[in-house]
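There are 6 protein chains.
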Amino acid sequence: MRYDGREANDELRQIKIIRDYLKYPQGSVLIEFGDTKVICTAMVEEKVPPFLKGSGQGWVSAQYAMLPAANATRKQRDIDKLKLDSRSAEIQRLIGRSLRAAVDLKALGERTVWIDCDVIQADGGTRVASITGSFIALYDAVGTLLAEKHLRKDPMIHFVAAVSVGIVDDELLLDLCYHEDSRAQADMNVVMTDAGEFVELQATGEGRTVTPGEMSALMEMAAKGIGEIIRIQKETVGYKK
Amino acid sequence: MRYDGREANDELRQIKIIRDYLKYPQGSVLIEFGDTKVICTAMVEEKVPPFLKGSGQGWVSAQYAMLPAANATRKQRDIDKLKLDSRSAEIQRLIGRSLRAAVDLKALGERTVWIDCDVIQADGGTRVASITGSFIALYDAVGTLLAEKHLRKDPMIHFVAAVSVGIVDDELLLDLCYHEDSRAQADMNVVMTDAGEFVELQATGEGRTVTPGEMSALMEMAAKGIGEIIRIQKETVGYKK
Amino acid sequence: MRYDGREANDELRQIKIIRDYLKYPQGSVLIEFGDTKVICTAMVEEKVPPFLKGSGQGWVSAQYAMLPAANATRKQRDIDKLKLDSRSAEIQRLIGRSLRAAVDLKALGERTVWIDCDVIQADGGTRVASITGSFIALYDAVGTLLAEKHLRKDPMIHFVAAVSVGIVDDELLLDLCYHEDSRAQADMNVVMTDAGEFVELQATGEGRTVTPGEMSALMEMAAKGIGEIIRIQKETVGYKK
Amino acid sequence: MRYDGREANDELRQIKIIRDYLKYPQGSVLIEFGDTKVICTAMVEEKVPPFLKGSGQGWVSAQYAMLPAANATRKQRDIDKLKLDSRSAEIQRLIGRSLRAAVDLKALGERTVWIDCDVIQADGGTRVASITGSFIALYDAVGTLLAEKHLRKDPMIHFVAAVSVGIVDDELLLDLCYHEDSRAQADMNVVMTDAGEFVELQATGEGRTVTPGEMSALMEMAAKGIGEIIRIQKETVGYKK
Amino acid sequence: MRYDGREANDELRQIKIIRDYLKYPQGSVLIEFGDTKVICTAMVEEKVPPFLKGSGQGWVSAQYAMLPAANATRKQRDIDKLKLDSRSAEIQRLIGRSLRAAVDLKALGERTVWIDCDVIQADGGTRVASITGSFIALYDAVGTLLAEKHLRKDPMIHFVAAVSVGIVDDELLLDLCYHEDSRAQADMNVVMTDAGEFVELQATGEGRTVTPGEMSALMEMAAKGIGEIIRIQKETVGYKK
Amino acid sequence: MRYDGREANDELRQIKIIRDYLKYPQGSVLIEFGDTKVICTAMVEEKVPPFLKGSGQGWVSAQYAMLPAANATRKQRDIDKLKLDSRSAEIQRLIGRSLRAAVDLKALGERTVWIDCDVIQADGGTRVASITGSFIALYDAVGTLLAEKHLRKDPMIHFVAAVSVGIVDDELLLDLCYHEDSRAQADMNVVMTDAGEFVELQATGEGRTVTPGEMSALMEMAAKGIGEIIRIQKETVGYKK
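Protein chains in written order, with this note's numbering: chain S, 8 to 248; chain C, 8 to 248; chain H, 8 to 248; chain G, 8 to 248; chain E, 8 to 248; chain Y, 8 to 248.
Derived from the structure by calculation, the hints contain no laboratory data.
Some hints here could point you the wrong way.
Intra- or inter-copy, both count: the list cannot distinguish identical chains.
[As the list claims (entries may be wrong)] Below, a list of computed lysine-lysine pairs in the DSBU-like style, where the Cα atoms sit at most 30 Å apart:
hint, residue 1, residue 2
1, 54, 30
2, 60, 88
3, 156, 113
4, 82, 60
5, 82, 156
6, 160, 82
7, 54, 90
8, 54, 82
9, 90, 60
10, 82, 30
11, 82, 113
12, 82, 23
13, 247, 30
14, 30, 248
Generate the whole structure from the sequences, applying the supplied hints.
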């Protein structure tokens, strides 16, 4: 049995998605992967970064942060060190690329959707929960633009979700909680579409290297998990295809 | 009738306090004053700032921030500007002073309680909600220290809570929501104990000056409001005196 | 008798205001409250912050800092820590609000008056000396604008001055010097107009809480002190009403 | 034929490694992947980061930067923006993890090897050139420690090298130059050992998603390329196994 | 006749030095070179920078800044840009080197004298006024250490003062005011001892280059000016040799 | 004999200049003064700093930095301290002024030439090598502008080069290597034109003061050295006058 009581290595934790969690942003979600809880918001701004000015194309920009009390040890705020945490920098680049892959930026028009992922409780998998949750926030923000006739054509291309897999005690596990993650010999974060294609894949051998065979097995396990997660996403938003 | 439907000028919004909101901090609260929502946490660290080393005395240090999507317009993160927002700087100093007044720092022993107030939704009164909520987080953190025998004697001196009052259209109002606050001619934030004594008082004439008579009336209105809020605090923690 | 030789609890220290202290700014003052000495300057810039562009309205922006040698212990410069001192942040917000209350910003026209308060020697009450002195600097800068026909109508609404009061050894004192301030159980900074109305009031219980009765007594003592200070201001500028 | 004259999709650019490029560091290399040129240095410091103090274990820490003139458009220095470029933050974390996987940190002893990768000319693949080159710098720094008897047992576990692969115009390509990289629909950076096992893998769909079949083909192409690169590394250092 | 009324090219402006200008620092001076006014302070700290710990040697560290209103156009504070002004960085290095040359650092003992030069009004020559004035502040701080028996032997080696010279309209001028300085084709700042030897010399051709002959003539003119300034310094402190 | 084998006190180290060292910048040089190696680049940007907008005049802006491994002890990157090294600030101001003296900025037209000097190995004299090398980079960038008809008239006024001289063990030395520099009692950096006139001169007594006679002798020695260096510069670029 797994540390948090799950019975199978390829079993997800309970995933909950609360839509319209906040009243101001066009899209906002509280997502939970077990005890990992992230507030994901999507706010639309009617302008784009300088490099896109006049291009007719939009942008999706993502930021990721943790509340100081999200972990067992208090994490000093970035502003106190005057430095963006470099792990956060890496993660928010990943979230941004993943979500941009979900949208036709031309069809979005010259506007920016700001994605903010604030982890209020961390128990492993915060980046994949952030991607999964902020996809819904983005989906809802785009829905608002469509409902308010700011957009005539839906720019969403496909559903995008993410999950972590890893090797712990030489066993392959899906959706690692913090206890498993901290002991992992290798871990992989995978972002896929509802067509089963890859958007992003990041694998790291932490305690040991990974054979090509293990790499394939991890990718398959992740694909299966993402399939389930996208089913939950679709159910949440009442998507019927 | 008031903007958000309240019927009396001296009526509070609905106040909700959810204790044990997060699993890691020794004390954590989600507090709501109407649509204003703040996560308040209290984490204990077994060391003190340099100026207290060896003094036998403890410290309470507070930080305050807003999620980017807490307001109608997205607020850039401090780290992107490399500057602590000066309004946040002012507010967190106020929260820190208010909570230190609630504790016998000598009796707390040489440790720091870190208070973090993160506003997830702002609709006026975020600083007074932060003080009121983080008092409970502090109370619970101290309770944990007592339960775990790190403290033998309760260092809490009294209950502390806060409320805002203001003058809008020349009328005195209690507990201003954002719509009222943004049109206020003067506003006052008051922090008091359950003995009805003042801890902090900050009054600002924004559109006009305030006569001594109005000042007194505002203080009385605030005192009445804080009385009700402390009753809610005591109920929440099951305090029986 | 008080620490610095004053005989009465409600006695001010000697207040000196030297006008036209520097040759470049439109208004400049060296103000002394006893041994507290602050250079206050007002410089006019013919533009406004972005949020006022095109509004026809002006702005008054204040900054406050201390020379490293202004205190008994050398104070590291903010730039060495890359952080604005948070006490300075709080104080300069107070100065800015206080002076904006003295001017009709519409009548000032679309320009900014930059107020700089640099404490060269600190002996308690630096923020109230700064407000009192920079009011004169502002008054003189506006006078220059009038004399040079950049303004046709005087935008000054009233005189503004400030003083500190506090409770030391359970006695109420006016205009605390550093020695008194450092032992104060409570202190209050009050900003008022020549009509005896409040612009700002900030009270803090440092060692103990403050009863409503004490609060009123402190406010009265402050009002009396500010009355005298505004008389000195008016004398200094030769105001005859 | 490819943009830079290569004839096959799975052909590497010319790779040159100049050892002992600088006189001060224990290991230093100028590495070229075609026109991409990176100075990689390894300097030993006899102390470790705080989290390892007293652990008996060593550390490898990596930094990555570009000269302003390394690209066609001048790149502003990080210090002028007061922010570490977030792409650099991501890359230097990748380099650090990759090199730590090559060393037995326990056997390295309580010391840090500082790796610095400074790109003097960028033509695609700067991060994989950095990993490949800094492995040699690290290898030589460890060699120096062994030669000077600071280490008795060689802590190097295996050779580590890296290469990029990608999809351009729906064709799979090895070792992309900048012109190819800027038009890539997907790209992957792979870090492997001389045993053909994975250390790191980062794949990104930029213009489109990637099928599992393509993912496998890219991984195979990378594995073949890395095999050749490690042969060059071994030749360079005269490794004979 | 010169812009500010001086009759000779080699005439100094009026130089005033007010000792004991502030009450806290061990040495403090208000120095004026004509309309240029600088507050120079010297504060002793009983510790040294890390590189001198345990060496038995002391240090003199200097900082230089301008009040925002010291010039005709308001100068933004460094902290608002989060960058030390690079001109200030250059100047404070010059001041530090100049004053360290005046003291036997071994004889000073393991302590730091912090020199702060804050320009309150700038009319050319602020750096040379700063050096000249802070020499007196340093002299007085050392005098305090001697008087209080913290030092038994006087560590001062010689007097140090500074002056500027320059070429304006192809004429050589001593002690340039701002109006002259802003039109100078070349300028030179010279720091010398009372023995007529050089401590620092910085010459810059701004509009044109400088011939060796002019260079010598400028150096001579500076030497003469510094002679007079050191006479004033000695008179000020009542030095009798 | 000198530390690095040179036989005469007025002998330069071997100076090598490799032109067109990098492929992107309009001018780029690897310059060596013995073991001191600096990459100097010149990139043209078709805009000017705000203070020159619309003036028709161009600008030359210089930056100077060291690779972390350029010295025997690793130098932390500026971005890690969030502060531009103040020695670098001083040096890059010197480089900028020196190169601007070589160009008719009016004739350059409203564009900026960005000079970047990155020291890859430091063995004394990095600032003078930077000036000497970046003059060639600037010369080549201007040559490119002329060749591409962006300029019709050559804006270069004269050749500019630099050298260091100093006093070590009371002997005057030309072109100090690090070992000599670190023991110097005084050092001087001189920048001159091919007409033998001074552009910049910075002299510092580090261990002792400098007599006027020594000052002259140092200047003469520098002038002779710069003569030789400019001969090498002219040879390098094939200048025939």
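*Which hints, by number, does the structure contradict?*
none
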